[in-house]
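With these hints in hand, go ahead and build the complete structure from the sequences.
Going down the list, the sequences are from chains A and B.
Numbering-wise, numbering that gives the first Met the number 0 puts 15 at position 16 of the first sequence, and it's gapless, one number per residue.
Numbering-wise, numbering that gives the first Met the number 0 puts 97 at position 98 of the second sequence, and it's gapless, one number per residue.
You may find that some hints are simply not true.
[Said to hold, decoys possible] SDA-like mimics (lysine to any residue), calculated; alpha carbons at most 20 Å apart, straight line:
1. Lys154(B) - Pro168(B)
2. Lys275(B) - Gly236(A)
3. Lys5(A) - Arg125(B)
[Unchecked claim] Listed next, the stretches of chain A that the computed footprint assigns to chain B, with coverage defined by at least 3 CB atoms under 8 Å from CB atoms of chain B:
4. 35-42
5. 72-81
6. 86-99
7. 104-117
8. 204-212
[As the list claims (entries may be wrong)] Simulated restraints, written as ranges between beta carbons of each label pair:
9. Phe72(B) - Leu134(A): 14 to 22 Å
10. Ser231(B) - Ile117(A): 36 to 44 Å
11. Asn73(B) - Ile114(A): 26 to 34 Å
12. Thr41(A) - Arg222(B): 15 to 23 Å
13. Ser49(A) - Trp163(B): 18 to 26 Å
14. Phe72(B) - Arg187(A): 52 to 60 Å
15. Leu48(B) - Val88(A): 12 to 20 Å
16. Leu257(A) - Phe101(B): 27 to 35 Å
17. Thr42(A) - Leu177(B): 23 to 31 Å
18. Gly198(A) - Tyr52(B): 23 to 31 Å
19. Leu9(A) - Val130(B): 17 to 25 Å
20. Ser49(A) - Leu303(B): 50 to 58 Å
Read the hints as simulated data drawn from the structure, not as lab findings.
Just so you know, even glycine gets a beta-carbon here, dropped at the ideal spot from N, CA and C.
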Amino acid sequence: MFRYTKATFLREVVVWIAALITLMPFYFLFITALKSDEEALTTGSSTPPSRPSVQSFADVLTAGGDSNILLGLLHSVIITVGSIMGMVVIGSLAAYVLARSTQRWGSVAFYLFLIAIILPTQLGLIPLYIGARQLGLVGSLWGMIVLYTGTLMPLAVFLYASFFRGLPRDYEEAAAIDGASPTRVFFRIVLPLMAPATGTVAILTGLIVWNDFFSALIFLGGSGNQTVTVSMYYYVGGLVSAWNKIFAIVIISMVPILTFYLFAQKKFIQGFAGGIK
Amino acid sequence: MTATIGTGPVVREGSAAAGDGTPSRPRRARPLITYGYWWWALPAIAMVLLIHYIATAGGAFYAFTDWTGIGDFNFIGLDNFKRIFEDPALIGSLKNTLFLAFGFLILTNLFGLLLALALNRSLKTRYLLRVLLFMPVVLSPLAVSYIWKFIFDFKGPLNSVIGWFGIEPKVWLADPTLSLWAILVVMAWQTTGMCMVIYLAGLATVSQDIEEAAALDGASTWRRFRSITVPSIRPSIAIASTLMLVQGLRVFDQVMALTGGGPAGDTETLATQVYKQTFALSNFGFGAALALILTLVILVFSVLQQAATKDRS
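This is the structure in structure tokens:
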């Protein structure tokens, strides 16, 4: 009944057509970015350039000041990697203890994290901004790392805790019976085993941090330490309809995440579907 | 070698909890060993308490003041909220927020489910299709909005295409009604892939045997779908709809990039208003009041959402 019938083939064709229509925007993205300045103004929006040029990319890459995209990429990398590390270390330790705990405070703490996931962050952002300002952390990379780590910690803890709950305790017990201290049990036994969960946490939270705009704009706007999204925002804001340049910067901003995605798509998709479950 | 059985923290905590002096029995089975140290959870708890709970409480406090970010402030009670509900522009942004959120919820779930159903079985290229259709999800909403800004541009491809059908070109992003729909399309375009993936995971749990048996018994496709598939994907429906609703209520990047809240504030949402009031106009107290309303809206709908899609099996 689930053989590959003619109807199945038809379904496949229909889905492909739908997929290609859905991905049309990328077509426009690329042909427009490759247009020279005058072609961008003269040719129709759906027609490809007759003389593709990479001038717009050159212009974007040499833009300075607030729109410095290479610097923005660097900052994004630093902040994302830093946040992921913070979440993996602090989150896994906390989730491990909470998942294995049999006391009431363990469940209370766990619900604390659960509610914090749903709790919207907009309201807290204002006092956080004030506090950060007092501490001089506004516009600092470290401040952002701390902010993102704290904001996404509930998600990280939740993902890790779900994983630990499903992890059989046999290995840990065996190690403890052999005389290992709880610390050694964790670092020698549990840590290697939690690699898949770490992958999920890293991908989900890393994606959120990398693409974040709202908080980045508020805390890093104009500070010289901005991330790639904010740099892109400033650059585009300075142009009016230079679509070739706008799309050049869009493509450049997408390259890191798309490369990562193409290498690890299975992990991405599994992370979203499974982690969220 | 004797087993190291850690009973310290567990039992002691248990007895401490019963404050009336009676000896308490541990309510749960004692674990065989001590797993980690309880204080390992402290940094995480501290961070969450601070960055989520205390900050939110602080924000809620500011909502009742007229603070402008510098200098003193006065406690003004519900004045901010009165202002909000008397201002038609702000009521408008509340309506926009709700429209975008529910439209987003419906479109992404509907098309996500359809795509998942289409991709679920036997297609030869389903893996590639899945990768391609999920791709927009990993992009930055800001970048995606810029692409669509071009498409919706008056001289852009969309107007060219509808021109082939003899329809007049429209000013998509400058029209009060069309612009909101345009934002909705952009939001849905990017995130339908996420729903698709969630539903694909859910559909994978549908037992093929039961479906085959039902088919052999002559059940129509629709009947099979309703009675077998739908109950199995209930958890996916719950998850997908909650995620999409909350995400939809918080929409910010797309509005800022596509219309900036225009034309004339017609596409403002609560989130964009919070940003403008607080950070552009420095009305910290007023912005906090708006943020508080947004928070309450999200919390209320999350709870309703959970109740509506609760698995009653």
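Hints, verified against the model:
1. Lys154(B) - Pro168(B): Holds, at about 8 Å.
2. Lys275(B) - Gly236(A): With Cα atoms ~16 Å apart, lysine 275(B) and glycine 236(A) stay inside 20 Å; holds.
3. Lys5(A) - Arg125(B): At roughly 16 Å apart (the allowed maximum being 20 Å), arginine 125(B) and lysine 5(A) satisfy the hint.
4. 35-42: It is violated: at least three residues are needed, and the region 35-42 of chain A offers just 0 whose Cβ sits closer than 8 Å to chain B.
5. 72-81: violated (count 0)
6. 86-99: Holds: 9 residues of the region 86-99 of chain A have a Cβ under 8 Å from chain B.
7. 104-117: Three-residue rule met by the region 104-117 of chain A, so holds; n is 6.
8. 204-212: holds (count 4)
9. Phe72(B) - Leu134(A): 14 to 22 Å: holds, 20 Å
10. Ser231(B) - Ile117(A): 36 to 44 Å: With a Cβ separation near 25 Å, serine 231(B) and isoleucine 117(A) fall outside 36 to 44 Å, so the hint is violated.
11. Asn73(B) - Ile114(A): 26 to 34 Å: holds, 32 Å
12. Thr41(A) - Arg222(B): 15 to 23 Å: Hint violated: Cβ distance 58 Å, outside 15 to 23 Å.
13. Ser49(A) - Trp163(B): 18 to 26 Å: For tryptophan 163(B) against serine 49(A), whose Cβ atoms are near 22 Å apart, the range 18 to 26 Å holds.
14. Phe72(B) - Arg187(A): 52 to 60 Å: holds, 54 Å
15. Leu48(B) - Val88(A): 12 to 20 Å: holds, 18 Å
16. Leu257(A) - Phe101(B): 27 to 35 Å: Since leucine 257(A) and phenylalanine 101(B) have Cβ atoms about 31 Å apart, the given range 27 to 35 Å holds.
17. Thr42(A) - Leu177(B): 23 to 31 Å: holds, 26 Å
18. Gly198(A) - Tyr52(B): 23 to 31 Å: holds, 29 Å
19. Leu9(A) - Val130(B): 17 to 25 Å: Given range 17 to 25 Å: holds, Cβ gap about 22 Å.
20. Ser49(A) - Leu303(B): 50 to 58 Å: holds, 56 Å
Checked against the numbered hints listed earlier, the structure breaks hints 4, 5, 10, 12; every other hint is satisfied.
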